[in-house]
Every structure is written in C-alpha cells, then in structure tokens.
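Trainee: So you can see what is in the structure, the chains are spelled out below.
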Amino acid sequence: MIRFIIRRLLLSIPVVLGVVVIVFLLIRVVPGDPCQAALQEKANPTTCFAFRERFGLNEALPIQFVIYFRDLLSGNLGESIRTGQPVTEILVQRMPTTIELTFYALVFAVVVGMTLGIVSAYRRNSSADVTTMMVANLGVSVPVFVLGLFLAFVFAVLLKDTPFALPPTGRLTAGTIPTPIYEAWGLKDLQGPPQTILEFIGNMYTVNAVLTLNSQLFIDSARHLILPAIALGTIPMAIIARMTRSSLLEVLGQDYIRTARAKGMSPRLVMFRHALRNALLPVVTVIGLSIGALLSGAVLTETIFGLTGVGKTIFESITGRDYIVIQGFAVIVAIIYVMVNLIVDISYAFLDPRVRLS
Amino acid sequence: MSEQATALDVAGESAPEETIAAPRAVWRSTLSRILHQRSAVVGLILLGFLFSIAIFADFIAPYDPTQVLVGEPGAKPRLGPCIHILGCPSTQPEHWFGLDGNVRDEFSRIVYGSRISLAIGFATVIWSIIVGMFIGAISGYFGGRTDNGLMRTMDMLLAFPALLLAIVVVTILGKGLTNAMLAIGIVSIPIYARVMRSSVLTVSEQDYVTAARALGDTPLGIMRRRVIPNAVTPLIVQGTLGIGTAVLEIAALSFLGLAAQAPTPEWGVMIGLERNQLFTSPLLVFIPGLFLILTVLGFNLLGDGLRDAFDPRLAR
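Same order as they appear, the protein sequences are chains A and B. Letter 100 of the first sequence, counting from 1, is numbered 100 in my numbering, and no numbers are missing. Letter 259 of the second sequence, counting from 1, is numbered 617 in my numbering, and no numbers are missing.
Since the hints were derived computationally from the structure, they do not count as laboratory data. From a predicted model like this one, the values you see are computed outputs, not experimental measurements. Using N, Cα and C, we set each Cβ at its ideal position, and we do this for glycine too. Worth double-checking, as some hints may not be accurate.
[Said to hold, decoys possible] Far from chain B, by Cβ distances over 12 Å, these chain A residues were calculated: (1) 2; (2) 43; (3) 72; (4) 76; (5) 93; (6) 119; (7) 122; (8) 137; (9) 148; (10) 184; (11) 189; (12) 201; (13) 274; (14) 317; (15) 349; (16) 352.
[Said to hold, decoys possible] Heads up, incomplete: computed chain B residues facing chain A, CB under 8 Å, no partners named: (17) 519; (18) 521; (19) 526; (20) 602; (21) 629; (22) 633; (23) 641; (24) 644; (25) 647; (26) 649; (27) 650; (28) 655.
Hey, can you work out the whole structure from these sequences and the hints?
Mentor: Given below as structure tokens:
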C-alpha cells in the first residue's frame, strides 16, 4: 500500500510541473499590458519601465521562469501587481472562504446524494425511486447561478420574517468580527508561520467558532453558508445520486448478493455489508471529479452570494490582468486538484485490492 | 449492433465505400430502441418544443428582441406581464412575460434566445468533437509515444477546473460569443479525445480491421473506413450530453459578462443584466432560467436515453 502511494505521488510530480509551466506561459500570452491595467492614467513609458523592472517583467521569458520557479519552491508567490499585497497574504485571507464553502457543498452532495441513491436502488421502480431520479435529472440541469438566485429569492424574500429566513449575501452579519484564534488562546505574541497557519484556520469561520467556543459565531457563519453550499453542491449531489443508484443496482444483481440473501441475511445487512462497499468504487471517482466542478462553480457561487474567495479573486485578477495573483492561485488550485485525484486513487486501492496490484 | 456492423463490413469488402452507410433496417432498429427509452422520449419532446420555437421564432415573437419600446402606451422598465385573457386592459399592448429593464419585450427575447442557445450548443460541441475525435483516433490507433504525449497533454488540460480554464482562454482571445464557444470547445476536447481513444482501442482489435490490414489497406484508409465509423457511437452519446453542458457553460460565461454581450437576447446575459433586480422583478431572472433548465434537461435526458439504447449489455 505504501509503495503504491509513493509511486502515485512520484507520478503526479510531472503533472504539477506541467501545470506550473502551462500557467506561466498562458498568463504571458494574455494580450493587454499589465502596466496599463495597474497604473491606468499614470501609465507612461518611464513609469511603465520602472513598473516592469519592479515585477521582473523586463527579463527574458526563460529567466523570468527560473526566478519564478525558484521563488515558488521557497514559498514566495510574489506580490499583487495591482495592490502590492503579497499573494500568500491574499491566499491566507481568501482561500479559507472557498475551502469552507466547497467542503460544506461536498458534504451536502455526498450525504444527500448517496442517501437518495441508496433509497432509490433499495426501492427500485417505486414512486420514491421515480421521484428521486426526477430530482436528480433536474439537479444536473440547473445552472449554478440560476439555482443560487432562486434560493436567495425564496429564503431571503419569500420567507422573510419567518424562522426559515436565511441571509443571501456575505459570510457574517454586518458588525460580527470573529476573534483570531491566537488571541482567544492567549498567544498574542505568536509570530511567523505558526501565526499565519492559525490565521488561515481562523478565517474558516465555522472552524474558528468551534476552536474559540463561540456558539453565536458558529450559528451566524453556518446560516450564511447554507444557501451557497446548497447552490454549489446540487449538481454533484445529483450526479452522485445517479451514480450510487446505477452502481448499486449492478452489484445487487451479482451472485454473491443472492447467496447472502439465500442464507437468510436481512435485506438491510445485505445492502450495507455486501452491496454498498462494492458499489462505492465508481461513486468515489465521481466524488473526486466533482471537486473540479465545485471549484468552477465557486466562481459563480461567490459572485452571487458576495463571498470573496478563490473563485472571485481569480476572476477579478484575470479581468484586471494581475499576472502574479492569477499565477499563484492557479498553481495552488491545480495542485489541490492533482492532490484530490491522488487521494481518490488511493481510496480506490483501499476499497479494491486489485487496483494495488496492477 | 456491433455484430451487425461487423458482418456488413466483412461482406461488403469488395465495395467498401458503400458499406459505411448503414442499411435502413439498422437505422430502424436503432430508432425503435431509442423510442423504447422513456427518458429519451421525454428529452426528444422537450427539444422538439424548443426547436420549433427556435425555427418559427420570426412568427412567434411579436416584437424584435432588441427593439426598445419607449413611447408605447404605459411602457416602462420592468413592467409586469400583461395578458389580455387574464384581465389585462385591452388598451394596453400585450406582453406575456412583461418588459425588461431596457423596455424590451421579454417574451420575444426568450423566443429568439432559444435560437442562440441551441446554435451555441451544437456549434461548440461539433467543433470540439471533431478535434477530440482526431486526437483520440490518432492516439488510440498509433499508440506508443504519440499516444503517451497526446494523452498526457489532455491530462494537463483536465487538471484545471473547466470554467476557470475557459475564463483564461476567453481573456486571451477577447470577450465575445465566438471566443467563448472556442474556449468551451477547447476545454471539452480532452473528454471526447478520451472517449474516442478507448473506443478506437476496442475496435482496432476486431478481426475486420486485421482483415483490412492484411488486404493492404493504408492506415489512413483503415482509420477512415473501418475504425472511425465503428467507434463513433459512444462519441455521439457523450456529445449529446456535452451539448447540455456547453449551453450551461456559455450561459455562465455570458452571466459573468465574458461571452454574449447585451443587447443580444442570450438567456445568460438576460439573467446577468437583471440579477440585481431579483427582489423586485424575479420573473426577469427566473423565466430565462427556466428555459435554460429545460434546454439542458432535454439534452441530458436524450443523452441518457441514447446511452441506454446503444449499451450493448442492454441490447436484445
């Protein structure tokens, strides 16, 4: 097993390297002058030369790449062309929003999707099955932005002043300021990477609330997350429901299931002990593939629900030609994506021993 | 189906050009299998409805979709629907879905929007399938280093979330509908290339391909006459599902302001323009949204139905 993991890790290195090169090149073929975009009316040949000098854009492309790669290895992702803020700082501020959002969306998708799929397969061709599959078909076809706007309309307008009302924008009610973890833990003098890490974790507000035992903060941030998470998670939820159902139905037709039934095992035990584990493999693939869809959807969800996360940052940086920020974020997103696929492969090997040997 | 195709190909060896077009019986049995799939039928009905709207848009829509109706009696931005049989005074001109923020007839815009969305879906998928098909076919047929190089490139394209990659491509090419279609097409090439490759790998093992090779047919000829025609079925299924996705993604890009531009009556643009009026005029957001859902649903249902109909394990 460990050998398998190491081999897969080594195999993902060239993919990550390729991604780094592609991002670097793609961003430099984008037409439009970053100096013009950043300095606007102040842009003239002299200021632009100084600007390009400062961000190393006057060097030849290969030299730029070497410098960029060296910095990347030492964890330095550069500074934003537009604001001068270090990219790592922007990442620490905004990445947690997206991680929190995609995590809850994924939890929604997996829990609801698998439950619907199991119920459907268990009661095949019943009205519950037909309804579930209709919901799933509809779920795959709804654009994220339409669903997001619809949810905002229902929960913030129609259900206004009822206990079911939910906030349609932002991460917290205006005025709520979460305490940084290191302050709550009495570590005010903390410096350097440990502080950054705690800050990163603390910017996931629900996690912060748990770690600082702040129930009010937890409720507030969770209420703000419900609508975006459902909007983002619906398409993967529908795909997972369909995949669970079809995969379970295939497994339920196998001989060993008949044997298990014949020896008098209860249908529920057959389902959970024999069928589900064997039906999980394709479902896990789909879950892994959904992460990419979630990151794509995050651009739209964050735009609609006014969340400043990775998706919104990448979108704004692309339209504002902030090379350095796009570069940093794109590399991080691609690495996360490759890592997720690695985890999916490893869980494959865990679920199906045959994969390990091949 | 594949068995029939094999038999026909071998039998027709002396006149290869004629065997590509399947005889009518094959088409008829395929069609009947499709019509036995409930989801395919529902999908076909939905798409039939949308296609008729698109084809007869000129006769259905009462107004030009970009015509600003300022000066018409009672016309004002975001006027609610006015339908005469439902009690709207006949002194007012009829507007089934009301007027949009720029005083244009929403119903006419929806009707013409169907034309744009369907055209976008087909054009995007067709160009992406053609490129994907060639890459996949070359990769699968020649194997070895060619295969490795092409497939690793495809893997790297897949390492980016699709919509983000499309945004980057649109930024490189410039905003606009055509560029957005190119971008979405590029992003989906790897999917078709993979499907085609695996399908070609299976077909290349068949005896009739070996036979053609033994008869001295050139690789290109074998590819064109034997391999591709027998390997495209999964591609058609994937393509049908892909049209739905393409429509969705172009609408998303339009919504973000990167694809179609106002005043084009594209549904994504229409939603993007009115999204800040969600709380006062929800219909202007939800009607184009509903039509988007119906279109995507239609292609998805048809694609699912086709997949089941062509699945050899289900063949009777």
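Trainee: Each hint should be assessed against the structure and marked as holding or not.
Mentor: Verification of the hints:
no.: 1; hint: 2; in the structure: holds (24 Å)
no.: 2; hint: 43; in the structure: holds (19 Å)
no.: 3; hint: 72; in the structure: holds (16 Å)
no.: 4; hint: 76; in the structure: holds (23 Å)
no.: 5; hint: 93; in the structure: holds (19 Å)
no.: 6; hint: 119; in the structure: holds (20 Å)
no.: 7; hint: 122; in the structure: holds (21 Å)
no.: 8; hint: 137; in the structure: violated (6 Å)
no.: 9; hint: 148; in the structure: violated (10 Å)
no.: 10; hint: 184; in the structure: holds (35 Å)
no.: 11; hint: 189; in the structure: holds (39 Å)
no.: 12; hint: 201; in the structure: holds (24 Å)
no.: 13; hint: 274; in the structure: holds (22 Å)
no.: 14; hint: 317; in the structure: violated (10 Å)
no.: 15; hint: 349; in the structure: holds (19 Å)
no.: 16; hint: 352; in the structure: holds (20 Å)
no.: 17; hint: 519; in the structure: holds (4 Å)
no.: 18; hint: 521; in the structure: holds (4 Å)
no.: 19; hint: 526; in the structure: holds (6 Å)
no.: 20; hint: 602; in the structure: holds (7 Å)
no.: 21; hint: 629; in the structure: holds (7 Å)
no.: 22; hint: 633; in the structure: holds (6 Å)
no.: 23; hint: 641; in the structure: violated (11 Å)
no.: 24; hint: 644; in the structure: holds (7 Å)
no.: 25; hint: 647; in the structure: holds (4 Å)
no.: 26; hint: 649; in the structure: violated (10 Å)
no.: 27; hint: 650; in the structure: holds (6 Å)
no.: 28; hint: 655; in the structure: holds (4 Å)
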